[in-house]
Amino acid sequence: MKKNHIVISSLVVISLLFALAAYFYSAQQTETKTKLATQNAKALIPFHAIKKGDPNAKVTIVEFLDPACGTCKQFHPVIKELLKKYPKKINLVVRYAPLHPGSDQMVAILESARSQGQFWNVLDIMFESQEFWTINHQAKPNLFWPYLKGYGLDVESIQQGMKNPKISKIIQQDLSDGQLLGATKTPTFFVNGKPLSSFGFEQLMSLVQSELEANY
Amino acid sequence: MIFQQENNSTSWTLIFSAWLIAFVSSLGSLFFSEVMELVPCVLCWYQRIFMFPLAIILLVGLFPLDKKVVNYALPIAIIGLLFTLYHCLLFFGFIPENLQPCSKGVSCADDSMELFGFLPIPLLSLIAFLIIIVLLLKTRMQQ
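Sequence order for the protein chains is S and W. Each residue of the first sequence is one higher than the one before, counting from 1 in our numbering. Each residue of the second sequence is one higher than the one before, counting from 1 in our numbering.
Think of the hints as simulated: they come from the structure by calculation, not from any bench. Warning: the hint list may mix true and false statements.
Only pairs whose alpha carbons sit at most 25 Å apart, straight line, appear in this in silico SDA-like list of lysine to any residue [what the hints assert, rightly or not]:
#1 Lys2(S) <-> Ser9(W)
#2 Lys3(S) <-> Ala55(W)
#3 Lys3(S) <-> Val39(W)
#4 Lys2(S) <-> Lys138(W)
#5 Lys149(S) <-> Leu180(S)
#6 Lys149(S) <-> Gln118(S)
#7 Lys3(S) <-> Asn8(W)
#8 Lys80(S) <-> Ser115(S)
#9 Lys194(S) <-> Glu37(W)
#10 Lys194(S) <-> Leu180(S)
#11 Lys2(S) <-> Thr10(W)
#12 Lys33(S) <-> Ala55(W)
#13 Lys68(W) <-> Leu11(S)
#14 Lys80(S) <-> Gln116(S)
#15 Lys3(S) <-> Phe52(W)
#16 Lys35(S) <-> Val35(W)
Quick list of simulated restraints, FRET-style, between CB atoms [as the list claims (entries may be wrong)]:
#17 Ile49(W) <-> Lys169(S): 52 to 62 Å
#18 Asn7(W) <-> Phe201(S): 51 to 61 Å
#19 Ile49(W) <-> Ser26(S): 24 to 34 Å
#20 Gly93(W) <-> Ala41(S): 37 to 47 Å
#21 Thr32(S) <-> Phe94(W): 27 to 37 Å
#22 Phe199(S) <-> Trp45(W): 20 to 30 Å
#23 Thr34(S) <-> Phe31(W): 51 to 61 Å
#24 Val78(S) <-> Trp45(W): 51 to 61 Å
Here chain S is said to cover these stretches of chain W; the calculated rule only asks that three of the stretch's residues, wherever they fall, bring their Cβ under 8 Å from a Cβ of chain S [to be verified]:
#25 23-29
#26 55-67
By construction, the Cβ of each residue, glycine as well, lies at the ideal position given by its N, Cα and C atoms.
Please model the complete structure; the sequences and the hints are all you need to start from.
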């Protein structure tokens with residue numbers, strides 16, 4: 001065998017081995033993730049979680065999100081579209097995974113807004129203005145207040161509501177449930193308790209589609 | 001003439017082996033970070049910075065065989081080895097905790113760096129850099 005051939009075939013063989021190992025590893029990971037989610041199914045939808053859509057819908061999307069996460073912002077309109085498209089068939093549960101520094105403050109704003117019936121409104125505003133109040137992947141609540149004011153919301157009463165001690169308990173609960181379920185990145189989706197095999201818009205869509213077909 | 005050919009053949013084998021190790025190490029570290037999603041710590045990054053170019057430069061040195069590649073590859077490998085040595089000392093606790101350069105993000109002395117629960121990644125890196133350096137030095141002696 002010529003020396004050049006030896007080099008090229010080693011290159012090809014090792015690269016192939018890499019691809020194979022990667023394939024098997026992720027297949028196995030998906031299996032463990034699914035197992036983790038089924039074992040801890042009770043942690044998926046606690047009483048305190050925010051829900052949207054028809055409670056009788058047979059397809060439930062649970063989303064662990066971080067208000068300061070750019071990918072969550074990108075998924076936000078997609079999820080809204082899904083809920084609009086299948087109002088009777090799909091509902092949504094939002095869980096918090098405030099993994100960025102300062103995000104817990106943003107969650108506190110959301111929870112406070114929730115007690116005033118403004119949760120979804122404020123979440124929309126938050127994602128819309130995200131680039132202006134996140135600096136170097138850090139959430140800066142102080143930069144967010146002008147946007148809330150701009151939309152005619154009562155900033156002071158929301159700030160007052162953030163002091164509620166229940167909020168930090170909810171955040172703790174969501175963080176530990178996230179750990180339990182393997183939701184260590186944002187956003188993490190579960191559709192009827194099933195995690196995505198790999199991350200992406202299309203993967204989410206096809207999982208939702210298959211659950212719709214299975215249940216209707 | 002025959003002596004020259006044999007000499008070339010040995011050099012080729014040495015450089016090829018060094019490349020093989022650099023290539024496997026590079027892909028291995030990519031496997032840890034991209035497939036297993038272990039976040040590389042700061043010291044791991046520095047070692048990667050010096051391992052990745054070896055996989056390229058040694059390959060170039062094989063097409064066609066250019067023994068001078070040792071001159072370029074050796075400094076890279078030695079700097080990589082220094083980082084690895086430091087990392088191993090840190091990992092096995094010879095350098096105290098408060099001297100750690102990576103307090104934020106992933107700790108360089110973290111347990112997650114143990115492959116299969118017993119093979120520390122810094123040790124693998126140390127072995128790889130050491131073998132590469134020995135092979136390159138041997139190539140140099142051939143000249």
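Taking the hints in turn, this is what the structure says about them:
1. Simply put, Lys2(S) and Ser9(W) have alpha-carbon atoms about 12 Å apart, close enough for the 25 Å limit, and the pair holds.
2. For a cut-off of 25 Å, the pair hint linking Lys3(S) to Ala55(W) stands: about 17 Å separates their Cα positions.
3. Between the alpha carbons of Lys3(S) and Val39(W) the distance comes to roughly 37 Å, so the proposed pair goes past 25 Å and is violated.
4. Of the supplied pair hints, the one linking Lys2(S) and Lys138(W) holds, its CA atoms being roughly 23 Å apart against a limit of 25 Å.
5. Simply put, Lys149(S) and Leu180(S) have alpha-carbon atoms about 37 Å apart, too far for the 25 Å limit, and the pair is violated.
6. For the given pair, Lys149(S) sits about 13 Å from Gln118(S) by alpha-carbon distance, which is consistent with the 25 Å threshold.
7. Proximity of Lys3(S) to Asn8(W) is assessed by CA-CA distance (about 12 Å); at most 25 Å being required, the pair is judged to hold.
8. Note on Lys80(S) and Ser115(S): the hinted pairing holds, with a Cα-Cα distance of about 21 Å set against a maximum of 25 Å.
9. A distance of roughly 20 Å separates the Cα atoms of Lys194(S) and Glu37(W); the hinted pair therefore holds under the 25 Å criterion.
10. With a C-alpha separation of about 14 Å, the suggested pairing of Lys194(S) with Leu180(S) holds against the 25 Å cut-off.
11. Taking the CA atoms of Lys2(S) and Thr10(W), the gap is about 15 Å. The hint holds against a cut of 25 Å.
12. A hinted pair counts as satisfied when its Cα atoms are at most 25 Å apart, and Lys33(S) with Ala55(W) does not qualify at roughly 34 Å.
13. Between the alpha carbons of Lys68(W) and Leu11(S) the distance comes to roughly 22 Å, so the proposed pair stays at or under 25 Å and holds.
14. Our distance criterion of 25 Å between C-alpha atoms is met by Lys80(S) and Gln116(S), whose separation comes to about 21 Å.
15. Taking the CA atoms of Lys3(S) and Phe52(W), the gap is near 23 Å; set against the 25 Å cutoff, the hint holds.
16. Taking the CA atoms of Lys35(S) and Val35(W), the gap is about 19 Å. The hint holds against a cut of 25 Å.
17. For the hinted restraint 52 to 62 Å between Ile49(W) and Lys169(S), the CB-CB distance of approximately 44 Å leaves it violated.
18. Our hint of 51 to 61 Å for Asn7(W) and Phe201(S) holds, since their Cβ atoms are close to 58 Å apart.
19. Between Ile49(W) and Ser26(S) the Cβ separation comes to about 26 Å, which falls inside the hinted range of 24 to 34 Å.
20. Between Gly93(W) and Ala41(S) the Cβ separation comes to about 41 Å, which falls inside the hinted range of 37 to 47 Å.
21. A C-beta distance of roughly 35 Å is found between Thr32(S) and Phe94(W), which places it inside the suggested range of 27 to 37 Å.
22. Here the CB-CB span from Phe199(S) to Trp45(W) is close to 23 Å, well matched to the stated 20 to 30 Å.
23. For the pair Thr34(S) and Phe31(W), the beta carbons lie near 22 Å from each other, so the given range of 51 to 61 Å is not met.
24. One distance hint, 51 to 61 Å for the beta-carbon pair Val78(S) and Trp45(W), is violated here, with the actual separation near 34 Å.
25. Using a Cβ-Cβ cut-off of 8 Å, 3 residues of the region 23-29 of chain W lie near chain S, which meets the minimum of three, so the contact claim holds.
26. Residues of the region 55-67 of chain W lying with their CB closer than 8 Å to a CB of chain S number 4, which satisfies the three-residue condition for coverage.
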